[in-house]
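Protein chains: 4
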Amino acid sequence: MKDKVKEQLRDRGVELQDIADIVHTLQIAYYPDLLMSTCLDAIDAVLEKREVQYAVLTGIALDMAAEQGNLPEPILGTVQIDEPLYGVDEILAMAITNIYGTIGITSFGYLDKMKIGIIGTLDSSKEQVNTFLDDLVAAIASASAAKIAHAKETGLV
Amino acid sequence: MKDKVKEQLRDRGVELQDIADIVHTLQIAYYPDLLMSTCLDAIDAVLEKREVQYAVLTGIALDMAAEQGNLPEPILGTVQIDEPLYGVDEILAMAITNIYGTIGITSFGYLDKMKIGIIGTLDSSKEQVNTFLDDLVAAIASASAAKIAHAKETGLV
Amino acid sequence: MKDKVKEQLRDRGVELQDIADIVHTLQIAYYPDLLMSTCLDAIDAVLEKREVQYAVLTGIALDMAAEQGNLPEPILGTVQIDEPLYGVDEILAMAITNIYGTIGITSFGYLDKMKIGIIGTLDSSKEQVNTFLDDLVAAIASASAAKIAHAKETGLV
Amino acid sequence: MKDKVKEQLRDRGVELQDIADIVHTLQIAYYPDLLMSTCLDAIDAVLEKREVQYAVLTGIALDMAAEQGNLPEPILGTVQIDEPLYGVDEILAMAITNIYGTIGITSFGYLDKMKIGIIGTLDSSKEQVNTFLDDLVAAIASASAAKIAHAKETGLV
Ligand SMILES: [Ca+2]
Ligand SMILES: [Ca+2]
Ligand SMILES: [Ca+2]
Ligand SMILES: [Ca+2]
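Protein chains in written order, with the working numbering: chain A, 287 to 443; chain B, 287 to 443; chain C, 287 to 443; chain D, 287 to 443.
Because the hints were derived from the structure by calculation, they are not lab data.
A portion of the hints provided could be inaccurate.
Any copy will do: because identical chains look the same in the list, a pair fits if it lies in one copy or spans two.
Straight line, CA to CA, 25 Å or less: simulated SDA-like cross-link-like pairs of lysine to any residue [to be verified]:
| # | residue 1 | residue 2 |
| --- | --- | --- |
| 1 | Lys438 | Met287 |
| 2 | Lys288 | Glu439 |
| 3 | Lys438 | Pro360 |
| 4 | Lys292 | Leu320 |
| 5 | Lys290 | Arg336 |
Remember, predicted model here, so these are calculated numbers, not experimental data.
Work the whole structure out from these sequences, hints included.
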């Protein structure tokens, strides 16, 4: 199922390298010798988790259904325009962020607000509905950063 | 939007009275003079919340899309058979339960396990996909029970 | 730190075997060949997680501080009598339950309501304040059960 | 109990006006005519919630116990130095943020990272342990901002 998740991310315009760039930006201040390959490994470990896979696949399915008009109203319009009070995207994202503990929440909120890297690109896309995808990418990046922090602090990396 | 939520619940086979029965069952041991109308009022207050409305509408939309084969694989099969490790339904449900604080979590888990009342009916339905709906109903009942507990303990009812 | 957690659990009256008994009770219906040693291994893996260790140590510290009168009012009395609306114990517990995804939430709520095994003993103790400990034990058991379900379903055990 | 919460916030160096400044900074870009009094009213409504009151009182009690050396090791040292992997402060904060739905999470993470206003002052204090307090203030501000957004979007303000 992990391959399916990577494939669907790519189909929606997200390369793992795009996420690794964000993770590197988040953590380089704390670990100046952080390698890009460590970021990619962390993302791979996050995408290994079943809970993460299901959240990503469900979110992308909702984005695509909204794009194709395949949802009943009023949820169709809500997802299509990413209505400000709609928080189900953040709910799914937090299920990912929580996998490595709550320290990932801080990065998630920061990324969601600052729209760094690919997150900004997704957010301003006019070709796709990315209501869920931008939050999912921010969540995968935050969980990966949390995993690196855990490994570094407990001496495993 | 609240009317739309009530309408979609009814269309999927859930009457507010069914939920009130569960709330009454949950709380009668603590408040022997609990009226059914108090349960219905609490449910109405819960359904007033935007976060609850969005969670319910999104979950029902996913159940219906799965029913109609309108989701990409592998998430389609996952939702159709309510795969044991799939937890996105619980994630949406917890967003409802948390509205009145974490005391609702206990009732939610209990209801989800014991499949009381309409929850059991939904769970064993062979005509509809109810992967999300059973958890949503358990969550609405738990949040309503939490609301009643808050009102009783703080002397508002 | 893991040894410290086990030591403090034991000091407060909880043996790992007590938790394993609960995990076994939860999962035997799904996996009839489930060994007690598998349950103990799962608990060990859960207690390896830093997030779990911190939640347990913080909760036990609050129970002990309440016992010794070492908290300011009104939180002292609130923790001492496990006030019905106090939900911080459930909040800490959910941080544990979420480590293996939201499927653990159902068992947690069930255990918290049914007070199975050592959870019931803790809940009715008159010698100790166990406001946090009963929920922490229910959470460790639920997370361990979720870990077993993940391993079984993905073919790792 | 609300008066006790306000009193303890003030005793630890946090005025409601400090929190209102943060809320105003967060929301002025979206609602240019936002009054400071609307921010103060929203904070007041947030502090009315029992779940919020308990989270704040518990967090402050832990900060004070750590300050006075009144916790067992190793949690004492962990809270005193605000160890990077310690996430119980974020857990308590999220219980507050979730009260008005998950849209508050984004602001919370942003505030926690950028240390805006009083949050920065608390974070760099050398006189007090503020491991919990900085996150609690960020959470109250985020929940208040979410409340304002709900009121504005649903036409209630
Ligand atoms: Ca979004
Ligand atoms: Ca379900
Ligand atoms: Ca308890
Ligand atoms: Ca902190």
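Results of checking the hints against the structure:
1. Proximity of lysine 438 and methionine 287 under a CA criterion of 25 Å is satisfied inter-copy only: 16 Å between copies versus 29 Å inside one chain copy.
2. Taking the shortest Cα distances, lysine 288 and glutamate 439 sit within 25 Å of each other only across copies (15 Å), while inside one copy they are farther apart (27 Å).
3. In the homo-oligomer, the alpha carbons of lysine 438 and proline 360 lie at most 25 Å apart only across protomers (20 Å), although the nearest pairing inside one protomer, at 46 Å, exceeds that limit.
4. Taking identical chains as interchangeable, the C-alpha atoms of lysine 292 and leucine 320 lie at most 25 Å apart only when both belong to the same chain, with a minimum of 23 Å there against 34 Å between chains.
5. When the C-alpha separation of lysine 290 and arginine 336 is checked against a cutoff of 25 Å, the pair qualifies only within one copy, where the shortest distance is 12 Å, while the shortest distance between copies is 30 Å.
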